[in-house]
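Student: In this note's numbering, the protein residues as written are 1 to 473.
Hint data in this document are derived by calculation from the structure and do not stem from the laboratory. We treat Cβ as the ideally placed atom computed from N, Cα and C, and that holds for glycine. Do not rely on the hints blindly, as some may be mistaken.
Calculated pairs, SDA-like style, for lysine to any residue (alpha carbon to alpha carbon, straight line, at most 20 Å) [what the hints assert, rightly or not]:
#1 Lys62 <-> Leu198
#2 Lys83 <-> Glu168
#3 Lys62 <-> Leu199
#4 Lys398 <-> Val388
#5 Lys182 <-> Asp301
#6 Lys398 <-> Ala408
#7 Lys112 <-> Thr139
#8 Lys300 <-> Lys316
#9 Lys231 <-> Val263
#10 Lys62 <-> Gly186
#11 Lys62 <-> Arg192
#12 Lys300 <-> Ala289
#13 Lys176 <-> Leu75
#14 Lys352 <-> Asp301
#15 Lys300 <-> Thr337
#16 Lys64 <-> Arg192
#17 Lys176 <-> Glu69
#18 Lys64 <-> Gly197
#19 Lys352 <-> Ile303
#20 Lys352 <-> Ala289
#21 Lys371 <-> Thr139
#22 Lys316 <-> Thr271
#23 Lys62 <-> Lys182
#24 Lys231 <-> Met265
#25 Lys83 <-> Gly175
#26 Lys172 <-> Thr311
#27 Lys83 <-> Ile177
#28 Lys176 <-> Ala66
#29 Lys316 <-> Gly288
#30 Lys64 <-> Arg74
#31 Lys416 <-> Gly426
#32 Lys176 <-> Glu71
#33 Lys371 <-> Glu227
#34 Lys172 <-> Asn70
#35 Lys371 <-> Ala383
#36 Lys172 <-> Lys300
#37 Lys316 <-> Val263
Distance ranges between label pairs, derived from CB positions [claimed, not checked]:
#38 Arg413 <-> Gly393: 27 to 37 Å
#39 Val195 <-> Gln88: 15 to 25 Å
#40 Glu293 <-> Lys64: 29 to 39 Å
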Amino acid sequence: MLTPVTVIAFVLGIAIGAAAAWLFLRDRIRNAGAHVRSQFEPKVATLTERLDGKEELLGTQKSKLAEQENEIRRLNDQITSLKSTQSQLETTIDKERRAAQEKLEILNEAQKKLSDAFKSLSADALKSNNESFLELARTTLEKYQESAKDDLGKKQQAIDEMIKPVKEALEKFDGKIGELEKARVGAYEGLREQVRGLLETQTQLRQETGNLVKALSSPRVYGRWGEVQLKRLVELAGMVDHCDFREQQSIDGEQGPLRPDMVVMLPAGKTIVVDVKVPMGSYLEALGAENEEARQTWLKDHIRLVTDHMTALSRKSYWDQFDQTPEFVVMFLPNETFFTAALEQDPTLIEKGARQRVILATPTTLIALLKAIAYGWRQERLAENAKVISELGSELYKRLADMGGHLAELGSRLGKAVESYNKTIGSLESRVLVSARRFEELSVTAEGKQIESLQPLEQTPRHIQAPEISGGE
Numbered sequence: 001m002l003t004p005v006t007v008i009a010f011v012l013g014i015a016i017g018a019a020a021a022w023l024f025l026r027d028r029i030r031n032a033g034a035h036v037r038s039q040f041e042p043k044v045a046t047l048t049e050r051l052d053g054k055e056e057l058l059g060t061q062k063s064k065l066a067e068q069e070n071e072i073r074r075l076n077d078q079i080t081s082l083k084s085t086q087s088q089l090e091t092t093i094d095k096e097r098r099a100a101q102e103k104l105e106i107l108n109e110a111q112k113k114l115s116d117a118f119k120s121l122s123a124d125a126l127k128s129n130n131e132s133f134l135e136l137a138r139t140t141l142e143k144y145q146e147s148a149k150d151d152l153g154k155k156q157q158a159i160d161e162m163i164k165p166v167k168e169a170l171e172k173f174d175g176k177i178g179e180l181e182k183a184r185v186g187a188y189e190g191l192r193e194q195v196r197g198l199l200e201t202q203t204q205l206r207q208e209t210g211n212l213v214k215a216l217s218s219p220r221v222y223g224r225w226g227e228v229q230l231k232r233l234v235e236l237a238g239m240v241d242h243c244d245f246r247e248q249q250s251i252d253g254e255q256g257p258l259r260p261d262m263v264v265m266l267p268a269g270k271t272i273v274v275d276v277k278v279p280m281g282s283y284l285e286a287l288g289a290e291n292e293e294a295r296q297t298w299l300k301d302h303i304r305l306v307t308d309h310m311t312a313l314s315r316k317s318y319w320d321q322f323d324q325t326p327e328f329v330v331m332f333l334p335n336e337t338f339f340t341a342a343l344e345q346d347p348t349l350i351e352k353g354a355r356q357r358v359i360l361a362t363p364t365t366l367i368a369l370l371k372a373i374a375y376g377w378r379q380e381r382l383a384e385n386a387k388v389i390s391e392l393g394s395e396l397y398k399r400l401a402d403m404g405g406h407l408a409e410l411g412s413r414l415g416k417a418v419e420s421y422n423k424t425i426g427s428l429e430s431r432v433l434v435s436a437r438r439f440e441e442l443s444v445t446a447e448g449k450q451i452e453s454l455q456p457l458e459q460t461p462r463h464i465q466a467p468e469i470s471g472g473e
């Protein structure tokens, strides 16, 4: 049993850890209300992104369509300008044709007048000159006619050459306008498809939103979400399932079977029981309240649910069901705003929980507690590893000492073997080979074979200098 002083010290440690964790996780708890909703709206977010993509694509199609319409207007302006130029050229051609025609008419009329004038003169007086004059007039008239025809042909050719590029440009513009019209029709068709897809997406979004609202109204979903949040926190703290904590462990209590959401293992075989409570229904209703009175009503119901959970959790007396467990249980609220809203309604909530041996914990305070526990586990493992390393070092030192003795003995025997070898070589050279070489003088030897001189070994085994291995020799 822990004394009240120990409990107060532990609570103060949790508070200090909460402050440190607040600095560590302050970005995670910002906009908690939106974060809660985001936890339950993955499909809505996905559909919203798809809707945004559709709207962006629709805007792109509209921009392309506007650019094509601007291009069509520009081409229409150019066509209008070219048609105006063509009209001016046709007017100029008509004027030139009329001027040439008028010149021909003037010449014909002059010829007729000259002919009439000559007829009125005396035939006898002018007979000799009439024919020559008429011939001269006819020649002059023909020259004027040929000149006028040549000028008219050249002007017609020049006008045709001027009109030809305009005509080709108009034909190209007509083809371009046809292509743009086809593209515009295709763009409108694609736009209709996009709008149709957008409507289908909105319909699906409404259906998914309705399903999400139904899912959020289920307490079972609340509880499962809280358990997932708790497991994420312990994993974030660096703890391992079935080693540092156990989930949904069943035990037999005085009031029947009990199954806490999590049992956190402490060093030296101790444990802390953590139970998840998610009083979300009333809190969400308070967030969606239309006026302050309704909001306060739902918040009062929220604090009632929190205190009821505390009372029910205290009655389970988990500290009596586990060995070496502190006389309190941790009640985990998976969102900071649940605790903040309850504390605003009842500032004595923490003291009430302490009297009932229930410690209220939010993600901020629980992560600090879990990190402290994880640090304790790391220190415990380091101590165990240090002990194993010490034992291994002692054993290795002993084995090295034994091996040094064997090496020293082997070196000694090698030295004795070299000494015996040298003695044998000396005896062989001085006593045996001297007599054997006399066979060479008597020509009694094997063909191509001679007795080689044997040299003694000058090397000796090196002695081990390390006192740890040589045993202080």
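Student: So, for every hint listed, does it hold in this structure?
Tutor: Taking the hints in turn, this is what the structure says about them:
no.	hint	in the structure
1	Lys62 <-> Leu198	15 Å, holds
2	Lys83 <-> Glu168	12 Å, holds
3	Lys62 <-> Leu199	17 Å, holds
4	Lys398 <-> Val388	15 Å, holds
5	Lys182 <-> Asp301	65 Å, violated
6	Lys398 <-> Ala408	16 Å, holds
7	Lys112 <-> Thr139	15 Å, holds
8	Lys300 <-> Lys316	25 Å, violated
9	Lys231 <-> Val263	11 Å, holds
10	Lys62 <-> Gly186	12 Å, holds
11	Lys62 <-> Arg192	11 Å, holds
12	Lys300 <-> Ala289	13 Å, holds
13	Lys176 <-> Leu75	9 Å, holds
14	Lys352 <-> Asp301	17 Å, holds
15	Lys300 <-> Thr337	14 Å, holds
16	Lys64 <-> Arg192	14 Å, holds
17	Lys176 <-> Glu69	13 Å, holds
18	Lys64 <-> Gly197	19 Å, holds
19	Lys352 <-> Ile303	12 Å, holds
20	Lys352 <-> Ala289	28 Å, violated
21	Lys371 <-> Thr139	124 Å, violated
22	Lys316 <-> Thr271	16 Å, holds
23	Lys62 <-> Lys182	16 Å, holds
24	Lys231 <-> Met265	14 Å, holds
25	Lys83 <-> Gly175	16 Å, holds
26	Lys172 <-> Thr311	87 Å, violated
27	Lys83 <-> Ile177	15 Å, holds
28	Lys176 <-> Ala66	17 Å, holds
29	Lys316 <-> Gly288	34 Å, violated
30	Lys64 <-> Arg74	15 Å, holds
31	Lys416 <-> Gly426	15 Å, holds
32	Lys176 <-> Glu71	10 Å, holds
33	Lys371 <-> Glu227	18 Å, holds
34	Lys172 <-> Asn70	18 Å, holds
35	Lys371 <-> Ala383	18 Å, holds
36	Lys172 <-> Lys300	78 Å, violated
37	Lys316 <-> Val263	14 Å, holds
38	Arg413 <-> Gly393: 27 to 37 Å	30 Å, holds
39	Val195 <-> Gln88: 15 to 25 Å	46 Å, violated
40	Glu293 <-> Lys64: 29 to 39 Å	53 Å, violated
Comparing the model with each numbered hint stated earlier shows that hints 5, 8, 20, 21, 26, 29, 36, 39, 40 do not hold.
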